[in-house]
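**Student:** We have chain A; now place chain B onto it with these hints.
Single-letter residue listing:
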Amino acid sequence: MSEIALEMKNITKRFPLVVANDQVNFQVYKGEIHALVGENGAGKTTLMSILYGLYQADSGEIFINGKKVEINNPNIAIKLKIGMVHQHFMLVPPLTVTENVILGMEPIKNNFIIDMEQAVKKVEELSKSMGFKIDPHAKVESISVGIQQRVEIIKVLYRGAEILVMDEPTAVLTPQEAEELFEILRSLKKQDKTIIFITHKLNEVMSLSDRVTVMRKGKVVGIKNTRDTDQEEIASMMVGRKVIFEIEKKEHPFGKIVLKVENLTALNNKKLPALKNISFTIREGEIFGFAGVEGNGQTELVEVLAGLRKSTGGKIYLYDQDITNSSPRNIREKNIAHIPEDRRLRGLILDFTVYENIILGSHYRQPFNNTLSLNFSHIYKHTDHLIKNFDIRPPSKDNKLKSLSGGNQQKVIVARELFGEPKLLIASQPTRGLDVGSIEFVHQQILKEREKGKAILLVSADLEEILSLSDRIAVIYEGKIVDILDPKQTNEKELGLLMTGSRMNKKITQIES
Amino acid sequence: MNKYRKIDYYTIFEALTPLIAVFFALLVGAIVIVLVGEDPLNVYKILFSNAISNRDGWGNVLFRATPLIFTGMAVAFAFRCGLFNIGGEGQVYVGAFLATWVGFTFTNLPSFILIPLCIFSAAAGGAFWAAVPGMLKAKTGVHEVIVTIMMNWIAFSLTFFLVLKYKAAATPDMVAAGVKQMIPHTEEIAQAARLPRLYTILKSMNIDFPSHNQINVSFFIAIGIAILAYYILWKTNLGYEIRAVGYNPLAAEYGGINVAKNIILAMVISGAFAGLVATNEVMGFKYRWRQELFTNLGFNGIAVALLGKNHPFGVVLAAILFGILNYGGAIVNIFTEGRIPREIIMVLQAVIVIFVVISDEIVKRFIRKRRKLA
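Sequence order for the protein chains is A and B. Quick note on numbering: the first sequence equals residues 373 to 885 in the working numbering. Quick note on numbering: the second sequence equals residues 129 to 502 in the working numbering.
Okay, chain B solo, but in the shape it has when bound:
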């Protein structure tokens, strides 16, 4: 009996490695902060107390976590099928642009049609962009990493071309202020296409929440996506096949599973998740496409998925941690009057990822050694 309890202990240990990694990363971060000449305890106190000790902080953290949940889920889902989708960035761009275009084009549609239509467009754009590498992988065996990188560059250039084509005219205020150059952006999407901010909902329930806080309904869509992904992967026939292909395509084929079909499907679902970033950034925040609004969201999703061990719930927690560091970093920058720039907190993010990879490997080797011949 004791035997089985011990195995469980290992499994739990393995699942908790990211926590160990975060701990060591904070330690390394502390050294960096000391080298800059600040008190690490004080800096961490500012960072965490502002981020998670009040409603405003939590709102900001979750708002920043939302896009990372989408892109993290995109990476994690594809990974379950043995695919490394590093094209999240491009899938975000294409999905977001399509959603924006629908939002400012079909302006006379009512909200209950336009919002679902925009959400669908965001997902469809991302899905289409991921389907191409998926099909090439399934049918010709070209590695998805190569193709997704290439698709990223096409997406950058394509959306840049489109944003110039649909560029919004300068407002009279800007003309009056003599602004000649601005970051390229499109027209705003219709009022009917916008997702409500959380404070409007909380206000109607008589809960006090700052009106400037940008967290919006998209966060709940992200949580819904994580639950949906979990359900698909572990409760359905489709998820069973996707994971079978991911672990062992030869055995999957032997079991009558269509490997090519599942690779394409996994990429399509993964791309759709990435495309949904538009629900937060466009439909809930800026209400328009703006160049550089989405930069690195796709790539950070890789780190989030890694930290979350490619599990939907892990991804949500990892995205929230990144949200804390992201928002807390900005606050630390203000409180220390720039002596601790945001970049130091960014270093922390990178160090966490490195430690996750290292500790994962160390723990795996440790367990393998222990289990050998057992």
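Just chain A, same shape as in the assembly:
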């Protein structure tokens, strides 16, 4: 356990505008699971990219098993038995599991032919050693995201990796899938593999890792044995101040019904039914959460409510006013705000400046638009005001959105959508990909709206978020609401089961038996 598998000494990497790694010392023991945590832009990814040969450090040294090495490109890293599982999978969907695993390192027989038999055997062996089964002949496009991730792991092990770098591996998984992944990682640990686990989910750090290294602004700010620390300590190291974990939610009576959805149906992009008779209501001062595995109709529901997708049946009422299939502009004019799930694709125009994005949606109205031209002096004033109120950094209205960090991009959306006192806020994955500080900020904003008596529809893949914010939770599965729960009387486990339709199956078997 005390043998050092990897040591990175005094690593410094400068980019023109920033020092991404500043004299970083990073040490990993053989056979441990080591969590590397920090906010976005803290330098975790840069450090791992240097280890994997994607970048070269300006100064510093790397030792593998005590031997000094130069890693100039990923091929050298692979030879040194370093493997990386990227956040976005590098798989070829139409190829089979086996074909993907051997891609680039195909076993050859008779000097000419790919030895498929041996490859299949190897894939089966590797999956068995980690305690799961996988169909080596299944096409990657036909298997779930969780299984695809296992293919990535097998791929890395097939190349002989002893040190595995996992870059935010749970970002795409359901709680159950994540738990299964942890089992796999623990079994790899038993085989004496070394695992570096990049994350900013602190509960994962606590339940999985042996040690944790915390980075902030390019520097290592703490190295701890996991059992000697807690979430609060890690979080405050990450952001450099105390983080409020407990969400303070005051109990208050709910007001009138703001949004009423009746028997709503809609199709997805493939023209298949995505929503099947969805009905629910949200009252003033209430946060109504939607939990579900992605792709079960949440996206379509939000789009229909925001006017971005036509419903095929059912009614939507805002304070008794029928708004079914209104245009996005009409819906905005009725004071419905929308934080979209994909901020880069839907919510922002990345090539526009901050002020241009701030007026999106109300750009055509007074006071931003006069008859002949946009009213720039007012737009600038308004933007500067929001930049100050929402602490958008860097504080310049002229920056293009693409140059901002994810957290600040989201702040631009939140600032825009919450301005003008919306009656209903639709927040879809509002904290996806954000760091601890930004998540805290977004949560506070949502709760502030709740206190002001606004109705809030919250869709999130993060069950912790759903549980802590919502007043009621609807679980959506295959386009139907399978249950509406009180967050005080449920937990992640129950939600996770409902989300995958498990209880439904149980019910059916009960009826059958």
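Since the hints were derived computationally from the structure, they do not count as laboratory data. Mixed in with the good hints, there may be bad ones.
[What the hints assert, rightly or not] Okay, derived cross-link-like pairs now, DSS-like style, lysine-lysine, Cα gap no bigger than 27 angstroms in a straight line:
#, chain 1, residue 1, chain 2, residue 2
1, A, Lys561, A, Lys865
2, A, Lys642, B, Lys389
3, A, Lys769, B, Lys497
4, B, Lys437, A, Lys769
5, A, Lys494, A, Lys561
6, B, Lys492, A, Lys769
7, A, Lys687, A, Lys643
8, B, Lys363, A, Lys774
9, A, Lys453, A, Lys402
10, B, Lys267, A, Lys682
11, A, Lys774, B, Lys437
12, B, Lys267, A, Lys642
13, B, Lys363, A, Lys760
14, A, Lys682, B, Lys389
15, A, Lys621, A, Lys632
16, A, Lys753, A, Lys769
17, A, Lys381, B, Lys497
18, A, Lys772, B, Lys437
19, A, Lys643, B, Lys267
[Stated by the list, open to error] Taking beta-carbon pairs under 10 angstroms as the criterion, some of the chain B residues facing chain A (in silico):
#, residue
20, Lys363
21, Thr364
22, Asn365
23, Gly367
24, Glu369
25, Arg371
26, Ala372
27, Gly374
28, Asn376
29, Leu378
30, Glu381
31, Asn386
[As the list claims (entries may be wrong)] From the derived model, a few chain A residues whose C-beta atoms are all more than 12 angstroms from chain B:
#, residue
32, Ile436
33, Ile450
34, Pro466
35, Glu496
36, Lys500
37, Ala550
38, Met578
39, Lys622
40, Pro625
Cβ coordinates follow ideal geometry from the N, Cα and C atoms, glycine included.
**Tutor:** Frame of chain A; chain B shown alone:
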């Protein structure tokens, strides 16, 4: 603080890439000239000194730049909405023919009605021709590149049919000279439909300017169009919506912007700009439709827009550069007694475009790499 200054430096660097491209293109051109056996410095000296060292040269350059400003603006404007309008050629033809027809048909109208009417017809013809691909794109999603190419062919054939239908009779001089065949052309437009040449205006102000120089009022219309386009794109609600659709149609839709409407509008405005070529070629120069008068003006607009980085002021500068090469090339041909044919200077134009594309990509990658994780 230093941080922001550095970003500005990159932005300026990015904006200046066409200059780097022009420099390298001139270098490649020099190699070609050496291979032909001439002295490149001498050739460039002839080219530039004749084009831009005197009033006559400038007049010729700007006259040749005028149609390219119109077609370049057409391409650049549509591009801001994410549309690749390569139908400028067809839009020029239709606009020009319509303007010509109005000009030789309503001959008894006074100038202050007929000139605006002809200008309007030119714009309307081009706008209509571009509206068709715009509508097909907006309503059915058919790609505008395909439709505009097809519309070009329809425009060629349609105007050729019309010019034969409205063909002017041979003049007595031609009959006397025994000319049997001539390039098909229409009657001349009415005197009242003609735009004044620049020399008539300068003469009234007692400024010396050669009377044979063809630069006319259309140049100022072109400059006006560039300013108008700039104003629309960056100062108005309409331009905001058009650019939003161009950058990210999904976000535009989310922001309550009618994507289909803006696509059609952008194409209509783009086509109108292209159609206005008629103000220079017909109303200010030949006073009639003549077959082949407009050839390649629309297509060259694509190169001009590219070189001008789809910015109105860039387009004006790029069009002037093409005007210099165009006019200077003709002069070089005469001065070298044909040893440096105009085609070599045309090669220069093509090389510039290629270098713009390459250097643009190189600079973008360079900046992206530098900015990564910054």
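**Student:** Against this structure, judge whether each hint is valid.
**Tutor:** Consistency of the hints with the structure:
1. A:Lys561 - A:Lys865: Satisfied, since the Cα-Cα distance of roughly 26 angstroms is no more than 27 angstroms.
2. A:Lys642 - B:Lys389: OK: Lys642 of chain A and Lys389 of chain B at ~25 angstroms, within 27 angstroms.
3. A:Lys769 - B:Lys497: holds, 24 angstroms
4. B:Lys437 - A:Lys769: holds, 24 angstroms
5. A:Lys494 - A:Lys561: holds, 20 angstroms
6. B:Lys492 - A:Lys769: holds, 23 angstroms
7. A:Lys687 - A:Lys643: holds, 20 angstroms
8. B:Lys363 - A:Lys774: holds, 22 angstroms
9. A:Lys453 - A:Lys402: holds, 13 angstroms
10. B:Lys267 - A:Lys682: Roughly 16 angstroms between the alpha carbons, so the hint for Lys267 of chain B and Lys682 of chain A holds.
11. A:Lys774 - B:Lys437: holds, 20 angstroms
12. B:Lys267 - A:Lys642: Given pair Lys267 of chain B, Lys642 of chain A holds - Cα atoms ~19 angstroms apart, limit 27 angstroms.
13. B:Lys363 - A:Lys760: Distance of about 25 angstroms is within 27 angstroms: holds.
14. A:Lys682 - B:Lys389: Satisfied, since the Cα-Cα distance of roughly 18 angstroms is no more than 27 angstroms.
15. A:Lys621 - A:Lys632: Answer holds: Lys621 of chain A to Lys632 of chain A is near 24 angstroms, not above 27 angstroms.
16. A:Lys753 - A:Lys769: holds, 10 angstroms
17. A:Lys381 - B:Lys497: holds, 25 angstroms
18. A:Lys772 - B:Lys437: Given that 27 angstroms is the threshold and the Cα spacing comes to 18 angstroms, the pair holds.
19. A:Lys643 - B:Lys267: Given pair Lys643 of chain A, Lys267 of chain B holds - Cα atoms ~19 angstroms apart, limit 27 angstroms.
20. Lys363: holds, 4 angstroms
21. Thr364: Given a least distance of 5 angstroms, the restraint on Thr364 of chain B holds.
22. Asn365: holds, 5 angstroms
23. Gly367: Holds, about 9 angstroms.
24. Glu369: holds, 7 angstroms
25. Arg371: holds, 8 angstroms
26. Ala372: holds, 6 angstroms
27. Gly374: holds, 9 angstroms
28. Asn376: holds, 5 angstroms
29. Leu378: Holds. Min distance 5 angstroms.
30. Glu381: Since the shortest Cβ distance to chain A is 6 angstroms, the answer is holds.
31. Asn386: holds, 8 angstroms
32. Ile436: holds, 24 angstroms
33. Ile450: holds, 23 angstroms
34. Pro466: At roughly 26 angstroms from the nearest Cβ of chain B, Pro466 of chain A sits farther out than 12 angstroms, so the non-interface label holds.
35. Glu496: Correct as stated: the minimum Cβ-Cβ distance to chain B is 40 angstroms, above 12 angstroms.
36. Lys500: holds, 39 angstroms
37. Ala550: Nearest chain B Cβ is 27 angstroms from Ala550 of chain A, so the label holds.
38. Met578: holds, 28 angstroms
39. Lys622: Lys622 of chain A clear of chain B: closest Cβ-Cβ about 32 angstroms, beyond 12 angstroms.
40. Pro625: holds, 34 angstroms
Of the numbered hints given earlier, the model fails none.
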